[in-house]
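> Sequence:
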Amino acid sequence: EYNLSKTARQFMGGIIKYARETSIVMASTFNSYKAYVIEREAPVVRGWGLKNRSSMVRVPYASSTESTRIELRNPDPTGNPYLQMAALIGMGLQGMREKLDCGRPDMGSTYKVRRKYRVWDRRFLPKSMFEALVEAERSKFLKELLGERIYNNYMGLKIADWEEHRTHVTPKEHEKYLKM
Numbered sequence: 001e002y003n004l005s006k007t008a009r010q011f012m013g014g015i016i017k018y019a020r021e022t023s024i025v026m027a028s029t030f031n032s033y034k035a036y037v038i039e040r041e042a043p044v045v046r047g048w049g050l051k052n053r054s055s056m057v058r059v060p061y062a063s064s065t066e067s068t069r070i071e072l073r074n075p076d077p078t079g080n081p082y083l084q085m086a087a088l089i090g091m092g093l094q095g096m097r098e099k100l101d102c103g104r105p106d107m108g109s110t111y112k113v114r115r116k117y118r119v120w121d122r123r124f125l126p127k128s129m130f131e132a133l134v135e136a137e138r139s140k141f142l143k144e145l146l147g148e149r150i151y152n153n154y155m156g157l158k159i160a161d162w163e164e165h166r167t168h169v170t171p172k173e174h175e176k177y178l179k180m
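Residue numbers (the numbering used here): 1 to 180.
FYI, nobody ran anything at the bench for these hints, they're computed from the structure.
It should be emphasised that the depicted structure is a prediction, and the values quoted were computed from it without experimental measurement.
Be a bit skeptical, because a hint or two may be false.
[Unchecked claim] Below 27 Å or equal to it, Euclidean Cα-Cα: the simulated DSS-like pairs (lysine-lysine) are:
id : residue 1 : residue 2
1  : LYS143    : LYS51
2  : LYS179    : LYS158
3  : LYS176    : LYS51
4  : LYS140    : LYS127
5  : LYS51     : LYS99
6  : LYS158    : LYS172
7  : LYS6      : LYS34
8  : LYS172    : LYS17
9  : LYS6      : LYS127
10 : LYS51     : LYS6
11 : LYS176    : LYS17
12 : LYS17     : LYS99
13 : LYS17     : LYS51
14 : LYS17     : LYS179
15 : LYS34     : LYS17
16 : LYS140    : LYS176
17 : LYS158    : LYS143
18 : LYS176    : LYS34
19 : LYS127    : LYS176
20 : LYS143    : LYS34
21 : LYS34     : LYS158
22 : LYS172    : LYS127
23 : LYS17     : LYS6
24 : LYS179    : LYS6
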């Protein structure tokens with residue numbers, strides 16, 4: 001179906017299932033999350049689509065199973081490409097182990113679909129670095145994937161990045177909230 005083999009559907013199922021847990025690897029800076037805006041063609045919904053640039057996983061048109069490819073649209077280019085590739089492969093292989101299915105494709109542009117957008121909504125990718133850190137901290141999958149040493153070092157760096165950013169008052173914030 002959709003020129004996707006059972007293996008490809010399971011691989012994509014793993015990507016979709018573990019996308020929130022690995023988001024801190026795929027989008028590793030505070031600014032990464034500024035691109036995840038629901039009204040744009042940003043991949044904010046955890047799902048896949050055919051020829052759909054608003055889906056997290058995109059399957060461009062192909063005339064046969066052999067020529068079909070998948071595109072993962074949520075990695076930020078400022079991230080570590082080695083960790084991102086490890087996460088991608090790990091998510092996909094776990095989907096194959098668990099025999100997950102990717103489900104039905106998102107039809108049309110998901111960014112134009114009216115959805116009730118809540119502060120904490122698991123249908124979407126994390127909307128902030130803080131939310132991604134919480135997901136990663138709760139994730140047994142990410143810890144096993146990276147190994148305890150790399151996981152602990154990476155999380156230590158990312159938490160320090162978040163704390164530095166969280167406690168910095170920008171000129172815009174100063175102007176809006178602190179100027180008397």
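> Keeping to a limit of 27 Å between CA atoms, is the pair of LYS34 and LYS17 held or broken?
Holds, because 22 Å separates the two Cα atoms, which is no more than 27 Å.
> Are the Cα atoms of LYS158 and LYS143 separated by 27 Å or less?
holds, 14 Å
> Holds or violated: LYS17 and LYS6, Cα atoms, limit 27 Å.
holds, 16 Å
> Would the hint linking LYS179 and LYS158 be met if the CA-CA limit is 27 Å?
Measuring from Cα to Cα gives roughly 31 Å; hence the hint is violated.
> Compare the distance between the alpha carbons of LYS140 and LYS127 with 27 Å, and conclude whether the hinted pair is satisfied.
Roughly 21 Å between the alpha carbons, so the hint for LYS140 and LYS127 holds.
> Take a quick look at whether LYS158 and LYS172 sit within 27 Å of each other, Cα to Cα.
holds, 24 Å
> Straight-line Cα separation of LYS127 and LYS176 no greater than 27 Å?
holds, 23 Å
> Hint check: LYS176 vs LYS34, CA-CA at most 27 Å. Holds or violated?
Distance ~20 Å between LYS176 and LYS34 Cα, so the pair holds.
> Taking 27 Å as the top limit, are the C-alpha atoms of LYS6 and LYS127 close enough?
Not OK: LYS6 and LYS127 at ~31 Å, beyond 27 Å, violated.
> Is LYS176 within 27 Å of LYS51, Cα to Cα?
This hinted pair is violated, its Cα atoms lying about 42 Å apart.
> Would the hint linking LYS143 and LYS34 be met if the CA-CA limit is 27 Å?
holds, 26 Å
> If you draw a straight line from the CA of LYS179 to the CA of LYS6, is it 27 Å or shorter?
violated, 59 Å
Hints 1, 2, 3, 7, 8, 9, 11, 14, 16 and 24 from the earlier list are contradicted by this structure; the remaining hints agree with it.
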